[in-house]
Structures are given as C-alpha cells and as structure tokens.
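All chains should be modelled from the sequences, with the hints used to inform the complete structure.
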Amino acid sequence: MRIINSIIKYTVLAVILIILAVLAYALFGDRDITKTSPLVGKQSPGFTIKLYDGKRISSEELKGKTVLLNFWASWCIPCRQEAPALEEAWQRYKDEDVVFLGVNVWDDNENAMSYMERFGGQYPHGIDPEEEIQVDFGIGGVPETYFIDKTGKIRDKYNGPLTDEIIDYYLERAMKPAEAETS
Amino acid sequence: MLFLFSPAAIATEKTLDDRVNEIAYLLMCPVCQGQSVAESNSNLANDMRQIVRKQLEEGKTNQEVLDYFVKRYGDSILASPPKKGINWLLWVMPGVAVVLGAVGIALFLHKSRRPENDVEFIPAAPGEESESEYLKKVDEELKKYE
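Line by line, the protein sequences give chains A and B. Under numbering that gives the first Met the number 0, residues 0 to 182 are what the first sequence spells out, in order. Under numbering that gives the first Met the number 0, residues 0 to 145 are what the second sequence spells out, in order.
The following label-pair restraints were derived from C-beta to C-beta distances:
hint : chain 1 : residue 1 : chain 2 : residue 2 : range
1    : B       : N45       : A       : L12       : 49 to 59 angstroms
2    : B       : N42       : A       : S57       : 19 to 29 angstroms
3    : B       : Q32       : A       : E164      : 24 to 34 angstroms
4    : B       : N42       : A       : L50       : 15 to 25 angstroms
5    : A       : K93       : B       : K13       : 45 to 55 angstroms
Below are the DMTMM-like pairs computed for lysine to aspartate or glutamate, each with C-alpha atoms no more than 25 angstroms apart in a straight line:
hint : chain 1 : residue 1 : chain 2 : residue 2
6    : A       : K152      : A       : E60
7    : B       : K70       : A       : E59
8    : B       : K59       : A       : D127
9    : B       : K53       : A       : D135
10   : A       : K41       : B       : E63
11   : B       : K70       : A       : D127
12   : A       : K62       : A       : E86
13   : B       : K53       : A       : D107
14   : B       : K59       : A       : E129
15   : B       : K53       : A       : E131
16   : A       : K49       : A       : E59
17   : A       : K41       : B       : D66
18   : B       : K70       : A       : E131
19   : B       : K53       : A       : D106
20   : B       : K59       : A       : E130
21   : A       : K49       : A       : D127
22   : B       : K70       : A       : E130
23   : B       : K70       : A       : E129
24   : B       : K53       : A       : E129
25   : A       : K41       : A       : E129
26   : A       : K152      : B       : D66
27   : B       : K70       : A       : D135
28   : A       : K152      : B       : E63
29   : B       : K59       : A       : D135
30   : A       : K149      : A       : E164
31   : A       : K41       : A       : E60
32   : A       : K41       : B       : D74
33   : A       : K49       : A       : E60
34   : A       : K93       : A       : E116
35   : A       : K62       : A       : D96
36   : B       : K53       : A       : D127
37   : A       : K54       : A       : E109
38   : A       : K49       : B       : E57
The hints are simulated quantities; they were obtained by calculation from the structure and are not laboratory data. For every residue, glycine included, the Cβ atom is placed at its ideal position computed from N, Cα and C.
Quick look at the structure:
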C-alpha cells in the first residue's frame, strides 16, 4: 500500500511539474508575443489607393519615403479621438519626407466625406476600390496604423487610437535605418 | 464519359461555393467571438470570403489560400491550430488528461474499497475487555437506574 501511495504522490508531483513547465514555456518560451502583426519586419504588401481628390497613389510611388498608413472609418469613435493628433503630426512631419496616408474602410462615401470635413483631412485619404487592402494588411478593426520605412518594410503596427507621443515614437523608429534600430 | 454525368461524380465534384465555404470554416473571424469566417456576418469576414473566392478563381490551392491569411494574421486565424511546436500539446493533452483521469479514478476506487476487504479481526488480548464486554457493563449500569 505504501508503494502505491508513493507512486501516486510522485505521479501527481510529476504532472504538476509538467503543467508548470508548459505554462512557463507558453509565457516565456521562444514565441514572439510582442509583435502586433506577423507582417512587422517584412515588406509591406503592395497597394493602390484611390484618393478622395481623384488621384491614385501606389506603394511603389512611396518607396524612399517613410509612410504612416492609418486605417479608419467614420463610425469609429477612437478614430475621431486620434484625428487631431494625426493632423498635428502631419503638420510636424510633412517636410521630412514622411507621407501620411489615411485609408477609409467599411464605410460609405458620404459619411467618409463628412467625417473628413469635420475632423480634418489635410493629408491624403482614400479607399481601396478592390476592398482588399484591409485583409492584405491583416487588420482586425479600426483604427490601426502601420509605420513603413523608406525601404518599404513594415517597422511597426499600432492598434488603437494614436496620440502625439505614440506617433512620434513610432515615426522616429521608422525613420531610422533598420540597422540602427537593432543596434 | 457516362461516369462524368453519374450521380457519384456530381456528388464528389466541389463547386467554387463549396470550396469557399470549406476554407471559410477553417478560418476564424478576427473580430468575432468564436465564429468562423463562414459563420460571421461582419464586414471583415465578408471581405475575407471575397478574397478566398478571388484567389480560388485565380487557381490557388486551398493551402495557398490558408497560407495567405496565416501570413497576415498569424496561426491564430486558423480554426484548428497547426500541429507544430507547442501546439502539439493542444492535440495531445486532452488524451493525456483522459488517461490520467481514468488512472486517478481507478486508484481512488481501488483505495476506497480496500478497508472493507482487508479488515482484520483482532481478538481481545487476555485481560483486555472487548468492546462487547464493555457494552454489557454499560447496559448493567444503566439497568441500575431504571
């Protein structure tokens, strides 16, 4: 009986240790849980945006410039919260080879236009007529913002409303060469 | 030639809609609670279904379409986690838990049955009162007060 009791005790202990080891691996193991998107660190998907002023802009034309690509919708309250910060940041960075590009998704044209009139639309905004860019960039909601460096590589993604500090932090990172960022 | 028009051939031939649905059920809607892309009515799920359809029309295989979404949303977009890395545990642990549970229950039942079977009769030592003798004395004492 003593032997059986010992076996049970050690088995229970072993099971607990295994569970703890698995949990520790899941929490601290070799998994990149800090990335907000698997696309971070990779080349940006190609895109062509039809701007509200009638022009078109493609990812190819933006090579050599740092890009802030912001996804928004007129019905999105956090988008309204971040709109003033985006407008102010655009004023600060527009002479520094930084392009701000707003992409309206899951919206109708009329609401989008009145949103831009009300919350500012100084920098270019547009839509993807194919309605694919939102999935190409793996967005799960709005607002979401990608920071793309001069080589076309996605350096960061931010989910949620931006503030001045957040915009400055990520844009400064995107404006630095990738090597400088890692060193 | 006749085989092409036989009911069996028609039954096994998948239409584009079938393939779109098949893939949509393998993808989780990123903005929904526990719904697949096939089940969700969200705008994003709708866009995703359109992209699945377009890619299938372009001749991509089911796996290529799934890879497109994994590249953008990660493994969490898949309804069934891929059997690699730590994900193996998700497939193995339920079985292990059932086996361990069964062993635990078996041991518990075995242990709880033992006292009944293994009860030993220890006769009262000479000079030592057995429990029945003690009870007799108690009865005698109680009778005095009746």
